[in-house]
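Undergrad: The opening residue of the sequence shown carries number 9 in the numbering used here; numbering runs sequentially from there.
It cannot be assumed that every hint is accurate.
As a list, the in silico PhoX-like pairs of lysine-lysine whose alpha-carbon atoms are at most 20 Å apart [what the hints assert, rightly or not]:
id : residue 1 : residue 2
1  : K82       : K105
2  : K117      : K82
3  : K55       : K92
4  : K31       : K92
5  : K55       : K105
6  : K80       : K31
7  : K117      : K105
8  : K55       : K82
9  : K92       : K117
10 : K92       : K82
11 : K92       : K105
12 : K92       : K80
13 : K55       : K80
14 : K31       : K105
Simulated from the structure, these hints should not be mistaken for laboratory data.
In this text, all values refer to a predicted model and were calculated from it rather than measured experimentally.
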Amino acid sequence: MKHNKTTLDSATRNLIGNGTVIKGDIESAGDIRIDGTVTGIIRSNGKIVIGQSGLVEGEMECQQADISGSIKAKLKVEGLTSMKATAVFDGELITAKLAIEVGAQFSGKCEMLQPNQPQHEKKQK
């Protein structure tokens, strides 16, 4: 059966389980779910989900982020960043859309992208 590479890449799911510790950089064409600990740079062309037990330290870039765990990082999101009630964020956030549930902890800086403005075309101050 012949598959289109784009179709396979967009369907890719990556799981970093609870108890797993990764020190290094991760790049993926698909979605990533982190329930363990990652220290480094994470880049995804899809969605990054940080589960309640997940911890990320470093940098993250993705299309969409769903956070229930802890992040100490610079986070760049092209679309929606959603912080659940259990989320703990400490760092710099650059995003197009932001939803924060009651109970989430946010400490740091937030910059909102203009609609349809890619990260690399941010306004220069």
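Undergrad: Hint compliance check: list the failing hint numbers for this structure, sorted ascending.
TA: 4 and 14
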